[in-house]
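*Asks:* Sequence:
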Amino acid sequence: MGSMTPLYEEHLAAGGKLVDFAGWDMPIHYGSQIEEHHTVRNAAGMFDVSHMTVVDLSGDRVRDYLRYLLANDVSRLESSGKALYSCMLNESGGIIDDLIVYYIKNDFFRMVVNAGTRARDLAWLEQQAAAYAVTVTERPDLAMVAIQGPAARDRVLEVLAAGARSVAGSLRPFFGAFAGDWFIARTGYTGEDGFEIILPNEAVVAFWQQLRTAGVRPVGLGARDTLRLEAGMNLYGSDMDESFTPLESALGWTVAWEPPERDFIGRSALEKQRHEGVRDKLVGLLLEGKGVLRNHQKVVVGDDGQGEITSGSFSPTLQRAIGFARVPQQTGATCEVEIRGKLLPARVVKPPFVRNGAAQIEL
51 MGSMTPLYEE HLAAGGKLVD FAGWDMPIHY GSQIEEHHTV RNAAGMFDVS
101 HMTVVDLSGD RVRDYLRYLL ANDVSRLESS GKALYSCMLN ESGGIIDDLI
151 VYYIKNDFFR MVVNAGTRAR DLAWLEQQAA AYAVTVTERP DLAMVAIQGP
201 AARDRVLEVL AAGARSVAGS LRPFFGAFAG DWFIARTGYT GEDGFEIILP
251 NEAVVAFWQQ LRTAGVRPVG LGARDTLRLE AGMNLYGSDM DESFTPLESA
301 LGWTVAWEPP ERDFIGRSAL EKQRHEGVRD KLVGLLLEGK GVLRNHQKVV
351 VGDDGQGEIT SGSFSPTLQR AIGFARVPQQ TGATCEVEIR GKLLPARVVK
401 PPFVRNGAAQ IEL
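Just so we're on the same page, this note's numbering is the position in the sequence shown counted from 1, plus 50.
One should not assume that every hint holds.
[As the list claims (entries may be wrong)] The calculated lysine to any residue pairs, modelled on SDA-like cross-linking and capped at a C-alpha distance of 20 Å, are:
(1) K331 / R344
(2) K132 / D110
(3) K67 / M51
(4) K132 / G166
[To be verified] Derived DEER-like restraints, expressed as beta-carbon distance ranges:
(5) R262 / E141: 26 to 36 Å
(6) S220 / A256: 45 to 55 Å
(7) G81 / D204: 23 to 33 Å
(8) W307 / L62: 40 to 50 Å
(9) A211 / K400: 21 to 31 Å
(10) L62 / N92: 22 to 32 Å
(11) Y118 / S53: 24 to 34 Å
(12) G81 / M51: 17 to 27 Å
(13) G327 / N92: 41 to 51 Å
(14) S318 / A211: 44 to 54 Å
(15) A211 / E358: 43 to 53 Å
These are calculated hints, taken from the structure and not from any lab test. Just so it is clear, CB atoms sit at the ideal spot from N, CA and C, and this is done for glycine as well.
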């Protein structure tokens, strides 16, 4: 048995099928992954993401620390609560993890990192913190619930207490704010509007039950994966890892090159790669015929060589097979994917595939 979130018994009571995910017993679905996917696209669903790691960073030089630690630049964060998505790189430019960091005040930031990279991330954060006298505090006392979908904000505002409701109702997208010891952020991993709420472990069961009473359906990790893929969002360990840089992972937009005098871990390696050009790139694929794209299927791009599907699935929203693939830089508008010994045509497209419930590509 793996680690259990405070909502473990709630998952069992709701009929969740539990699987091991990064050492945690987590629900993959509660009966129908497809129905859960459509619930988020059309109404409101909630995810237990308490396995994610919340880290508080404090100190007079915490901003300098993060400007060196991350490829994106926290100096862009001028308003309290503003969130920033970034990669954390090694010296070779490889991606240690992707994360969200929230600017609270000049001497305090909050970071959320992936469960599967927790131990490595914490060791790296501590290693780099010493030179800046930054205190790194993991918060295992906190749980996290994501509520996503076109009706998510209304459902959440229904159940929050008055103070927290006022905070949540005033949040702009990609901002977070404290309401007492709750932290409410208007962020997500589905391509839909909603909240990610970090709250004390002892409060999360009652909050989860209130959301269920308000009509918010529990959703498992299976639908979370198809939702994020439709939304064009990378998954660490599949679409990126320490073997690849942001420039090879369709994440060049997360690298802040300006100002040129800002040094950050991995910058020299990225500058060299930027000058010389990348060998491979990450692209979106839409299968032209029947079939399902799966991770690790071979992609054939004619004389330009071969690539591989990094994330693939059937899209419940588009009713087509979609995926991400790492392919040679010269790859053009079409390719072929080997499925059960046959080469099937696919079209190279620019993600996202779906955003706010609507197709973003031509079918």
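*Asks:* Now look at each hint and say whether the structure bears it out.
*Replies:* Results of checking the hints against the structure:
1. K331 / R344: Answer holds: K331 to R344 is near 18 Å, not above 20 Å.
2. K132 / D110: holds, 19 Å
3. K67 / M51: holds, 14 Å
4. K132 / G166: violated, 25 Å
5. R262 / E141: 26 to 36 Å: Violated, at about 47 Å.
6. S220 / A256: 45 to 55 Å: violated, 24 Å
7. G81 / D204: 23 to 33 Å: Since G81 and D204 have Cβ atoms about 25 Å apart, the given range 23 to 33 Å holds.
8. W307 / L62: 40 to 50 Å: This hint holds: roughly 49 Å between Cβ atoms.
9. A211 / K400: 21 to 31 Å: violated, 42 Å
10. L62 / N92: 22 to 32 Å: Given a distance of about 27 Å, which is inside 22 to 32 Å, the answer is holds.
11. Y118 / S53: 24 to 34 Å: holds, 32 Å
12. G81 / M51: 17 to 27 Å: holds, 22 Å
13. G327 / N92: 41 to 51 Å: holds, 43 Å
14. S318 / A211: 44 to 54 Å: Roughly 50 Å apart at Cβ, these two residues keep to the hinted range, so it holds.
15. A211 / E358: 43 to 53 Å: Holds: the Cβ-Cβ distance is about 49 Å, inside 43 to 53 Å.
In terms of the numbered hints stated before, the structure departs from hints 4, 5, 6 and 9, listed from lowest to highest.
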